[in-house]
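Using the sequences provided together with the hints, build the complete structure.
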Amino acid sequence: MADAKGIYILAELDEGLKPTSLTLELMGLGQRLASDLATDLNAVLLGSGAQAAAQELARYGTGEVLLLDEPALSGYHPEIYIEVLAGLLRSRPPLVLLAGHTSMGQDLLPRLAFALDCGLVSDCVGLRVEGEEVLFTRPVYGGNALATQRVETPTAMATVRARVGDAPSPAGTAAAVIPLEVSPPAQTRLEMKGKEVLSGRECPLEEAPVVVSGGRGMGGEEGFGQLREIAALMGGAVGASRPPVDSGWAASTCQVGITGKVVAPDIYIAVAISGSTQHLSGMSESGKIVAINKDPDAYIFKVSDYGVVGEWKQLLPSFTAALKELPKV
Amino acid sequence: MGLNIIVCAKQVPDPEGPPSSFEINEAELKVTARGIPPVINPFDENALEAAMRIKESHEQVSITLISMGKGISKAVILKAVAVGADASLLVEGDSLDASLLDSFATARLLAAAVARAGGYDLVLCGRQAADTNAGLVGLGLAQLLGIPAITLAQKVDVAGDGVVVERVLPDGYEVVEAPLPALVTVSGEVGDLRYPSLQAIKAAKAIPQTVLGLADLDLDPSTLGRVRTVALAAPSRERRCKMVEGETPEEAGRNLVLALRQDKVI
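Chains as they are written, first to last, in the working numbering: chain A, -18 to 310; chain B, 190 to 455.
Be a bit skeptical, because a hint or two may be false.
Not everything, but these chain A residues come out facing chain B in the computed CB check (under 10 Å) [claimed, not checked]:
(1) T20
(2) C99
(3) G100
(4) T118
(5) K176
(6) P185
(7) S285
25 Å max Cα-Cα, derived BS3-like pairs, lysine-lysine [unchecked claim]:
(8) K283(A) / K431(B)
(9) K309(A) / K453(B)
(10) K453(B) / K283(A)
(11) K305(A) / K283(A)
(12) K344(B) / K176(A)
(13) K453(B) / K305(A)
(14) K294(A) / K219(B)
(15) K263(B) / K219(B)
A short list of chain B residues far from chain A (calculated; beta carbon distances all over 12 Å) [claimed, not checked]:
(16) N193
(17) M241
(18) S251
(19) V303
(20) V347
(21) G351
(22) V357
(23) A389
(24) I390
(25) I396
(26) Q398
(27) L403
(28) D409
(29) K431
Calculated directly from the structure, the hints in this document are not laboratory data.
Quick caveat, the model's predicted, so the values are computed rather than measured.
Don't be surprised by glycine CBs; every beta carbon is placed ideally from N, CA and C.
As structure tokens, then:
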């Protein structure tokens, strides 16, 4: 294996074939690491029809954007992606490879790390350079502790949560886009039999800019209708803490917390949620947190930016009405 | 022809415990749970539940529960076994303390343990452990065993000589199939583990159990790690909360919108 060098970002594209916001955040994070380590920032992009996205990524990189453009790569297939990426990284071992802690990142990076025998830190909420190496911080014990870890192999891999990095600034000279020949494996063991999109999940919790969640104090299913109305007005999605899910008031796919979804929207509204650790671990990285709770001593107020003490039944109707009347900015 | 399922289950401090029960030892880089009971990792319970559903709907299914660690509680394992396992394999030792092993060492040790469990057709793991939260061991184990892996199952079934999985996606799910033997990591959507009856718990003591030590695996954990923890700290989550009030609850609701607009949050 050649000497490990450079920071590499594994890019992901949205349905419009543009780099996702998390990918751009990783480019921003990569710029900082590359500058601290005096090395280049590169990107790897797998997809089909991804030339424009590669050009956009090139604006932020200083090294190269490796473009693997091929119809077989249009959707994520673990074995095809592994085969193609493992080959590529063996010939160009990076110092650091970063991917988003997304559906794909969580599935792909562990496979890649074990295939190449590289250390991987998953679900990072902080990265910094100390001396010649990168230190990775991640929550453990359901967010009750933060562990800082170092990787002991020449190539370090990490998956990074949303909102950890900043938007990148254009580099002085754009990186070179390098299209590479791809030879996907002829046979795979995994067979993808098709995807089922569930209604009501068109705005996935993890990607929603606003999440409106209800807790035990909602007392039943009915209140979630009001939360849905607020979520719709704000362009967001509805979440729940564990008790409403256990009681069947909300779907298990709505559950926010360490045993559910980890979200970090711009605005998180917690209604009738007291703030257990396991719930906080799923939302404490949110931009602004708003809490509505009848108990003035509820722990949720300690971790919120805005709080109102009161019964949600009395507060939400006027809150919703005022939202509707709000002039557009 | 039977179907052998291995379920990997890790003992963790109850993740529902209050924050105060997790004592952070910054010098020893350890988290010690105080006053909360050990439990089977909730996602591993989901994996066992998935195994039970296969056992219910197919002939000749045998389930082996594997657990590895330091100080595994007999009562915790017994309760899990009583749900419907046919055998259990424990790998115990002081050097198998979860805080000493990273995911890479764990996967290698577990692969050696699986090899000692006899033949298998399907290995089921939880999507991640509730203490380390990494989500690496299942996929690593599959890689080391050289078998295909599917992650984040909300439903697992066996059809012919393959496994059919509904894999959770952010906006729905996808159906993925793999030939057996295969490994599947299971998500909470599968559903909670059923309770064993008291009678079954009593009877579970007679279910065959193999106990191995580190020496039986012929591996040195200190050479297997790839990631090292260098610092451990308590998270700082507290924020300065602006309390919004009103003469009436209705006014407070309106004032909240006004405050958010004033601060350009909305």
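Could you tell me which of the numbered hints above are not met by this structure, giving the numbers in increasing order? Those not satisfied are hints 1, 11, 14, 21, 22 and 29.
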